[in-house]
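*Asks:* Given next are the chains, with one letter for each unit.
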Amino acid sequence: MATLSTDLPKTTDKSWGRTRVLTALLAVAFALILAKAVGILPEWLNRIPEAAIPPTAQVLDAIFNFIQNDLGLIYVTRFIAEGPLEFLLDTSANLLEGKRRWPNLGPIPWSAIAAVAGVVGYAVGGWKLAALGAGTFIWTAAIGQWKIAMQTMSVIVVAAPLAFLLGLALGTAAWKYGWFERMLKPILSILQTLPFFTYLLPAVIFFKVGPTAGAVATITFAIPPMILMTTLGLKKVSPEVIEAGQMSGCTRWQMLRHVYIPAARTEILVGVNQVIMLCLAMVVLTAFIGMPGLGAKLLAMMGSFKLGRSFEIGVTIVLLAVTLDRMSKAWVVKQPVHFERGTPWWKRHQISLVALGLFVGFILLSQLFPILAEVGRKQHLSQGKEIDVVIKSFLAIEAIKGTTEWLRWFLNVKVLIPFRNTLLAIPTPAFILLVVAFAYWVGGRRPGIYAAVFFTMVAFSGWWDRSVITLYTVISAVALATLIGIPLGVIAARSERWSKSILLACDTAQTFPSFIYLIPAIMLFGVNDVAVVFSILIFAAVPLIRYTIIGLSSVPPEMTEAADMSGSTRRQKLMSVQFPLALPTMAVGFNQAIMFAFFMVIIAAFIGTQDLGQELQRTLAGTELGKNFVLGLNVSLMALTFDMAISSWAEQRKKRLGLD
Amino acid sequence: MSATAPVISAKNIWKLFGASPEAYLKSMPAGRSFDEIRADGYIAGVKDVSIEVDRGEMLVIMGLSGSGKSTLVRCFSRLHDITGGTIEVDGQNIMSLSERDLIELRRNKMGMVFQSFGLLPHRTVLDNVAFPLEMRGQDRHDRRERALEVIKLVGLEGREEYFPRELSGGQQQRVGIARSLAIEPDIWFLDEPFSALDPLIRREMQDEFLRLQEMLGKTIVFITHDFDEALRLADRIAIMRNGAVEQCDTPDQIVMNPATEYVAKFTEDIDKARVVHAKGLAKPVNGHALEGAPINGGSTIHELARVLVNDNRILLPVANDKGVVTGVLERDAALNVLLGAE
Numbered sequence: 000m001a002t003l004s005t006d007l008p009k010t011t012d013k014s015w016g017r018t019r020v021l022t023a024l025l026a027v028a029f030a031l032i033l034a035k036a037v038g039i040l041p042e043w044l045n046r047i048p049e050a051a052i053p054p055t056a057q058v059l060d061a062i063f064n065f066i067q068n069d070l071g072l073i074y075v076t077r078f079i080a081e082g083p084l085e086f087l088l089d090t091s092a093n094l095l096e097g098k099r100r101w102p103n104l105g106p107i108p109w110s111a112i113a114a115v116a117g118v119v120g121y122a123v124g125g126w127k128l129a130a131l132g133a134g135t136f137i138w139t140a141a142i143g144q145w146k147i148a149m150q151t152m153s154v155i156v157v158a159a160p161l162a163f164l165l166g167l168a169l170g171t172a173a174w175k176y177g178w179f180e181r182m183l184k185p186i187l188s189i190l191q192t193l194p195f196f197t198y199l200l201p202a203v204i205f206f207k208v209g210p211t212a213g214a215v216a217t218i219t220f221a222i223p224p225m226i227l228m229t230t231l232g233l234k235k236v237s238p239e240v241i242e243a244g245q246m247s248g249c250t251r252w253q254m255l256r257h258v259y260i261p262a263a264r265t266e267i268l269v270g271v272n273q274v275i276m277l278c279l280a281m282v283v284l285t286a287f288i289g290m291p292g293l294g295a296k297l298l299a300m301m302g303s304f305k306l307g308r309s310f311e312i313g314v315t316i317v318l319l320a321v322t323l324d325r326m327s328k329a330w331v332v333k334q335p336v337h338f339e340r341g342t343p344w345w346k347r348h349q350i351s352l353v354a355l356g357l358f359v360g361f362i363l364l365s366q367l368f369p370i371l372a373e374v375g376r377k378q379h380l381s382q383g384k385e386i387d388v389v390i391k392s393f394l395a396i397e398a399i400k401g402t403t404e405w406l407r408w409f410l411n412v413k414v415l416i417p418f419r420n421t422l423l424a425i426p427t428p429a430f431i432l433l434v435v436a437f438a439y440w441v442g443g444r445r446p447g448i449y450a451a452v453f454f455t456m457v458a459f460s461g462w463w464d465r466s467v468i469t470l471y472t473v474i475s476a477v478a479l480a481t482l483i484g485i486p487l488g489v490i491a492a493r494s495e496r497w498s499k500s501i502l503l504a505c506d507t508a509q510t511f512p513s514f515i516y517l518i519p520a521i522m523l524f525g526v527n528d529v530a531v532v533f534s535i536l537i538f539a540a541v542p543l544i545r546y547t548i549i550g551l552s553s554v555p556p557e558m559t560e561a562a563d564m565s566g567s568t569r570r571q572k573l574m575s576v577q578f579p580l581a582l583p584t585m586a587v588g589f590n591q592a593i594m595f596a597f598f599m600v601i602i603a604a605f606i607g608t609q610d611l612g613q614e615l616q617r618t619l620a621g622t623e624l625g626k627n628f629v630l631g632l633n634v635s636l637m638a639l640t641f642d643m644a645i646s647s648w649a650e651q652r653k654k655r656l657g658l659d
Numbered sequence: 000m001s002a003t004a005p006v007i008s009a010k011n012i013w014k015l016f017g018a019s020p021e022a023y024l025k026s027m028p029a030g031r032s033f034d035e036i037r038a039d040g041y042i043a044g045v046k047d048v049s050i051e052v053d054r055g056e057m058l059v060i061m062g063l064s065g066s067g068k069s070t071l072v073r074c075f076s077r078l079h080d081i082t083g084g085t086i087e088v089d090g091q092n093i094m095s096l097s098e099r100d101l102i103e104l105r106r107n108k109m110g111m112v113f114q115s116f117g118l119l120p121h122r123t124v125l126d127n128v129a130f131p132l133e134m135r136g137q138d139r140h141d142r143r144e145r146a147l148e149v150i151k152l153v154g155l156e157g158r159e160e161y162f163p164r165e166l167s168g169g170q171q172q173r174v175g176i177a178r179s180l181a182i183e184p185d186i187w188f189l190d191e192p193f194s195a196l197d198p199l200i201r202r203e204m205q206d207e208f209l210r211l212q213e214m215l216g217k218t219i220v221f222i223t224h225d226f227d228e229a230l231r232l233a234d235r236i237a238i239m240r241n242g243a244v245e246q247c248d249t250p251d252q253i254v255m256n257p258a259t260e261y262v263a264k265f266t267e268d269i270d271k272a273r274v275v276h277a278k279g280l281a282k283p284v285n286g287h288a289l290e291g292a293p294i295n296g297g298s299t300i301h302e303l304a305r306v307l308v309n310d311n312r313i314l315l316p317v318a319n320d321k322g323v324v325t326g327v328l329e330r331d332a333a334l335n336v337l338l339g340a341e
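Chains as they are written, first to last, in numbering that gives the first Met the number 0: chain A, 0 to 659; chain B, 0 to 341.
This is chain A alone, in the form it adopts within the complex (with noise of 0.2 Å):
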């Protein structure tokens, strides 16, 4: 697809110029690997030697200390874990959940929630949202998951809004002052790429372990597209009403709380529905520092290969984000309508006083029936084993298992395992100048310094084989996952019902936790790197057949019609039309593929890997925060490089079609 980039009119002496980069760049590595080859080249030249890597890991756990310790931070942190941040999450455990804390009213009957999230679902989108918030409840409840999607939930509850207030709060201090957006910037980039395992172990140091440490992990993970959202929807306040404002003789408080914020509505709230994902997503991942929830049940479940239970917990978890997401989605569509004058009272807050009376109501009613109260252990519908057995009598056809093994011994035999070693045989500094020519024949000079620097970065890390361990995984699954996803993608796009339901699936697939992408993996593959890939292959696909149909549908129709009176058939208008008119929507997809991929293989550690994330999971168990950091950093570096190369690329292309 990159082929485009060289081919431009107009740029014959800069692309001139270019191409004698490249060719340098790639002569140099070519050289160093034909060296390897022949057996020429020195042991430093093809790994950097033990001696000359710096004790990064060292020199940061110094850092740490030293912040930690003698600045007393712990302090500050502890206070705050123990403190208000403890008993907010009491709360929330004690209500939702019946945690013995104050104030000892909870655990609140399922069947109350259940009525009020009806209400609420009817509240913002109808029928269909009521059902899908009431139904996700009792699903939860019946099938005897009540209790551990509620410990999940009472995270939920006070990680989200606090992320929201912070994330509110920081977006418009970067909206109001230039340099502080300038600085928070960066940070806010590789927040978003650093793998999470690296929220942990600073979460569980900093905050103790528990679900304080997982709260504060969710929230930091949660802030940054609020952080965006914010900012974003501030900056598009249209100037006349800000005029308007000023014009009515606002003071600057009042111009932030009446005008600014609620102009910006759209944004903030787009940002809430983020916010509440990101948190479901992490708050499922805080399994692996030992927080209780439906993520950790479904860890342990997987573990032990109890395939019924998995699907089962994965269900309630998929429901729980399609709910979430659906609601805060409905809100952020729904305006406000008037009532008339004199409206009463009660018919103006009627939906508020029939969630009341049914909450009420269902609290009174399970006092009588304790089933409504609670689910018991004997109650629930839960089909774990039926499903088991189901499931493996499923994988055991012959024809099925047959397959299996067949890719498993394909992907793995003749394309995995001969990738890998190969990219593993490339000469350090080769390797880097591969990349960095990549990133410049794609994103351009400073995408190519970026590379540069951030691979020699990760070269001096000490923990290259296993960087491009990462790597490797990352390029094989989004490769394949770009095999199957732009052929589905356009074959979507010919119709418009078909890429309505596609993209509504996709949609839909987004906002599951990451971590449910590992069920089918298992399921069908068993432990193993085919797994590996394959999990990270569903998760990267979705971003690629959604923006590919996004890319193809978008095109103005006037062109489209323009090529079909010129005569063109189905496939040169695809070739010679929709394509380079999409590319840059679908490479905007492809990134985001990439990052997905990056995101994904390092919870693929729990599957076992060789890869950072292996090593990442295992800094978990201890306190070696430097060692955490630094490798965290190396996937968020990595990733950083292809964000920046293939995003700069999309834009540029942008620009010269004209499109945007």
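For the record, the hints were derived by calculation from the structure and aren't laboratory data.
Please note that a few of the clues may not be correct.
[What the hints assert, rightly or not] Derived DSBU-like pairs (lysine-lysine); straight-line CA-CA distance at most 30 Å:
| no. | chain 1 | residue 1 | chain 2 | residue 2 |
| --- | --- | --- | --- | --- |
| 1 | A | K184 | A | K653 |
| 2 | B | K321 | B | K278 |
| 3 | B | K151 | A | K346 |
| 4 | A | K305 | A | K377 |
| 5 | A | K413 | A | K400 |
| 6 | A | K175 | B | K108 |
| 7 | A | K377 | A | K146 |
| 8 | A | K234 | B | K108 |
| 9 | A | K653 | A | K235 |
[Claimed, not checked] Pairwise CB distance ranges (calculated):
| no. | chain 1 | residue 1 | chain 2 | residue 2 | range |
| --- | --- | --- | --- | --- | --- |
| 10 | B | S298 | A | V331 | 53 to 63 Å |
| 11 | B | S19 | A | H348 | 33 to 43 Å |
| 12 | A | K654 | B | E35 | 23 to 33 Å |
| 13 | A | R256 | B | D185 | 21 to 31 Å |
| 14 | A | E557 | B | S19 | 44 to 54 Å |
| 15 | A | M558 | B | D185 | 34 to 44 Å |
| 16 | B | S19 | A | A30 | 47 to 57 Å |
This structure is a prediction, so every number in the text was calculated from the model and none was measured.
For glycine and all other residues, C-beta sits at the position ideal for the given N, C-alpha and C.
Fit chain B to the given chain A structure using the hints.
*Replies:* Quick look at chain B alone, frame taken from chain A:
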């Protein structure tokens, strides 16, 4: 401060956009043109404008897009800080006001209407109109009373609880007008208030606006790019181009004696008889012997067409609305205007 002192008095004001406009303005040689300034990397939004607005007067600032008219009106209300010159509002230099004082000035003296309405989408009509009152801390009951009053004034009774997006464009602008009037401002700025509306509604809103002005008698600065609208509404018109005022005069004078070629281009296709008033065309009496009934100075030549054609006096006395003769109209000159032969 005497009653005749101008409400807004701007002297040699400049508004430059660019990297460091103040330093540039100081070092800039006098008489530099718009294009030369642009070549230096600055945009002259307002270029050496001196203008006064009298109490109760309606000044219309007319210009095409990019001519600096919106920038100029934003300098008057200090939505923009000017780069050079002075602006006095009621004798007070607004550039020397503290933030607090500026807020007070806007809360009590100024109202503004915007081209795309600038309504707050999350507030009902009532809350939008009451917004400036709320900002200055008026209590809920008072501001509700006042807001209902202005809503009635602009003819939106019964729509108080609607949200802006539930209203048509014309209705939304009525809300904008009501909001700007809520605080009973002395000075009323209107930035192309009717440009976003379709022609029929625009006409209706202009009539409505004239009715309001008749009733309220505010000092008004009205911005438009529509020359017809300017002629229809204005006491005086300032025509702007490239940040500078080309001509500032009464509609009669602009139509009869355009100062520059640029202004003349606007007046070319205008039916002058419908614009020029008898008093605008009249000469001083200067001892001319006058006979017969006077004509009304406030009528346009077009309205006087029948009289002009049928009367056979060479000179017609012109009277003001109290019946006092103030000038004399040459019938021939008036007929020339009427027939479009100059």
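*Asks:* If a hint holds in the structure, say so; if it does not, say that too.
*Replies:* Tested hints:
1. K184(A) with K653(A): holds, 23 Å
2. K321(B) with K278(B): Holds. K321(B) to K278(B) sits at ~13 Å (cutoff 30 Å).
3. K151(B) with K346(A): Roughly 26 Å between the alpha carbons, so the hint for K151(B) and K346(A) holds.
4. K305(A) with K377(A): This hinted pair holds, its Cα atoms lying about 19 Å apart.
5. K413(A) with K400(A): Holds. K413(A) to K400(A) sits at ~19 Å (cutoff 30 Å).
6. K175(A) with K108(B): At roughly 29 Å apart (the allowed maximum being 30 Å), K108(B) and K175(A) satisfy the hint.
7. K377(A) with K146(A): holds, 14 Å
8. K234(A) with K108(B): Between K234(A) and K108(B) the Cα gap is close to 29 Å, so the pair holds against 30 Å.
9. K653(A) with K235(A): Roughly 21 Å separates the two Cα atoms, so the pair holds.
10. S298(B) with V331(A): 53 to 63 Å: Given range 53 to 63 Å: holds, Cβ gap about 59 Å.
11. S19(B) with H348(A): 33 to 43 Å: violated, 56 Å
12. K654(A) with E35(B): 23 to 33 Å: holds, 31 Å
13. R256(A) with D185(B): 21 to 31 Å: holds, 28 Å
14. E557(A) with S19(B): 44 to 54 Å: At 45 Å between Cβs, range holds.
15. M558(A) with D185(B): 34 to 44 Å: About 55 Å separates the Cβ atoms of M558(A) and D185(B), which means 34 to 44 Å is violated.
16. S19(B) with A30(A): 47 to 57 Å: holds, 52 Å
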